[in-house]
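Turn these sequences into a full structure, and let the hints guide you.
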Amino acid sequence: MAVRIGIREHALEAKGGGWWQGLVKDARPGDDYWVVLDGETRRPDPRSRFQPQGVHGPSRLVDPSGYAWQDQGWRGIAKGDLVIYEIHVGTFSPEGTYEGALRRLDHLLDLGATAVELMPLAQAPGRWNWGYDGVNLFAPNHHYGSPDDLRRFVDVCHQRGLAVILDVVYNHFGPEGNYLWDFGPYFSRRHHTPWGPALNFDGASNLPVRQFVVENAVFWLEEYHLDGLRLDAIRLMQDDSEHHVTEEIARAVHRWAADQTRPIHLIAEANVHDPVLLDPVKGEGTYDLLWNDEIPHSLFSAVLGKHRIDARTYRGMEDLGQALDTGYVFERRRTGTDILRSGEPERCDLGSMMQGLQTHDQVGNHPEGRRLHQVASPTLQRAGAAMVLLHPAVPMCFMGEEFAAPSPFCFFVDFGDSHLRKAVVEGRKRDYHQHDWANFVSPVEEATFLRSKLCRLEAGDLGMWNWYRSLLALRKRWRANGLLDSGGLSVEAKPEIGWFRLSYAGGAAQVVVNLGSEPVDFPGRDGVRLYSGWRRFGGEERDEQIPVNLPGVSAVVISQVAD
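This note's numbering applies: residue 1 is where the sequence shown begins, and numbers increase by one.
Hints were generated in silico from the structure; no laboratory data involved. Check before you lean on any hint, since a few could be wrong.
Beta-carbon label-pair distances, calculated as ranges [to be verified]:
| id | residue 1 | residue 2 | range |
| --- | --- | --- | --- |
| 1 | L462 | A27 | 51 to 59 Å |
| 2 | G66 | D485 | 40 to 48 Å |
| 3 | V548 | G80 | 33 to 41 Å |
| 4 | Q53 | D485 | 50 to 58 Å |
| 5 | E9 | H56 | 13 to 21 Å |
| 6 | E9 | K79 | 46 to 54 Å |
| 7 | R347 | G18 | 45 to 53 Å |
| 8 | P185 | G305 | 40 to 48 Å |
| 9 | R347 | H56 | 47 to 55 Å |
| 10 | P185 | A68 | 37 to 45 Å |
| 11 | D149 | I7 | 27 to 35 Å |
DSSO-like cross-link-like pairs, simulated, lysine-lysine; straight-line CA separation at most 30 Å [stated by the list, open to error]:
| id | residue 1 | residue 2 |
| --- | --- | --- |
| 12 | K476 | K494 |
| 13 | K15 | K25 |
| 14 | K422 | K453 |
| 15 | K476 | K79 |
Glycine included, each C-beta is placed from N, C-alpha and C at the ideal position.
Structure representation (structure tokens):
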């Protein structure tokens, strides 16, 4: 084995256990290099910090200490103050770069966001990709800018008061440009995922593989000053070891974070409630937040009919009431059936749940990338937003949601292999059969990526924008007044008519939502602060006029708490 820089090769020495080592004294930052196997096969470095020519090109040496950080005074965002805004860097701005994203930070701050969550950055094949097909875990996608451009993005976010969280994928590798097969037993012979090969977390020679992933998690936090990680689909990080790799990652991150001056947020996409991940007995092996999509799935089921996702079928209004009250509908068990409907659910710590009315999955898995206001109605989105943004769970908005952007967000990939391209098209229809695919937008066409570029605020619904801003401003005030506590929430639900009430401090603050078609009575008319039917929010009622009854598909926010 050797390293090739230009035309010169530098031999590496076998050190045992599959490891090779060497020192190249004249190597400099900016040099492109290959790892040469068996004297002739050229491969990118498995730990490459930059792939400027993509997944099939050479790696580039990067000086991780060369950037002059200006965020020394940054103290981060406490968990309870998180309002997360999810973006895809390639479509968030016309430029599709970190620099382009920086130009929209004022928009996020005006909204009331306190954190940006980036969809995965690990280098993926092609010119466009959601990021979940990454194959170079340590190399941020070159299409968005250089590693120092990413550092500058984080630096400026911190200077503006925004935390930055990164979505990372450790359950599989993408199907193109994955050269780890040539370096060792990185992939499992026992476990499989729907998207690509599962990593070898529990087979022979698994320790270096576990180390590879654990060190990658700390790498992003340390070298890029990130404030947290969101681990994608941990149910498919398959590991039968005594200590699951997710626990090992959490332990390493928390130990590293103990020496930092900012809070580090570790988020697990569990989809359903998994109490093991939040078990305080495990100490350093636990997660801070569970990404949970039970509220939006229940809402979709309530208004759009039967809704099935994975092994879960939702029961509409009934499940929505339970999700609001306990935080979940389904839970994961470590024995017997993997996912079960909760029989007698107990409320979890709602402040350790993370809920979004819309996410990249909910929007992008629609055949046309349509958003909630398009598949249902703006009135439904306003009502749903009131429940999510004034709930104790940490809220998340997906880019463009806050102004009901008319631009879609489609699923898109750019594989070079024609067989992979065909498989993706067929797989979308198979995996998301609940949708009507008559007007299917092909995920492998450049036009699909370009049409997913987020439009400007002025092209969207300014009433929705005012509604979201007002809800988040009120959320901030309620939290400052000690409301939004998980233990202080009372939820009343009448699923048969679609009526829900979230009440805090004995009714001093309330969110009343009517998802039914008929008007319903509601208490506390003299304390109405916000009403989704007002004209400034896109409704038809005169601003500040209080309805006698709450119309169908609408929401009011009532507060007796002083501002």
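Hints, verified against the model:
no., hint, verdict
1, L462 - A27: 51 to 59 Å, "54 Å, holds"
2, G66 - D485: 40 to 48 Å, "45 Å, holds"
3, V548 - G80: 33 to 41 Å, "36 Å, holds"
4, Q53 - D485: 50 to 58 Å, "52 Å, holds"
5, E9 - H56: 13 to 21 Å, "20 Å, holds"
6, E9 - K79: 46 to 54 Å, "50 Å, holds"
7, R347 - G18: 45 to 53 Å, "48 Å, holds"
8, P185 - G305: 40 to 48 Å, "46 Å, holds"
9, R347 - H56: 47 to 55 Å, "50 Å, holds"
10, P185 - A68: 37 to 45 Å, "41 Å, holds"
11, D149 - I7: 27 to 35 Å, "30 Å, holds"
12, K476 - K494, "28 Å, holds"
13, K15 - K25, "19 Å, holds"
14, K422 - K453, "24 Å, holds"
15, K476 - K79, "13 Å, holds"
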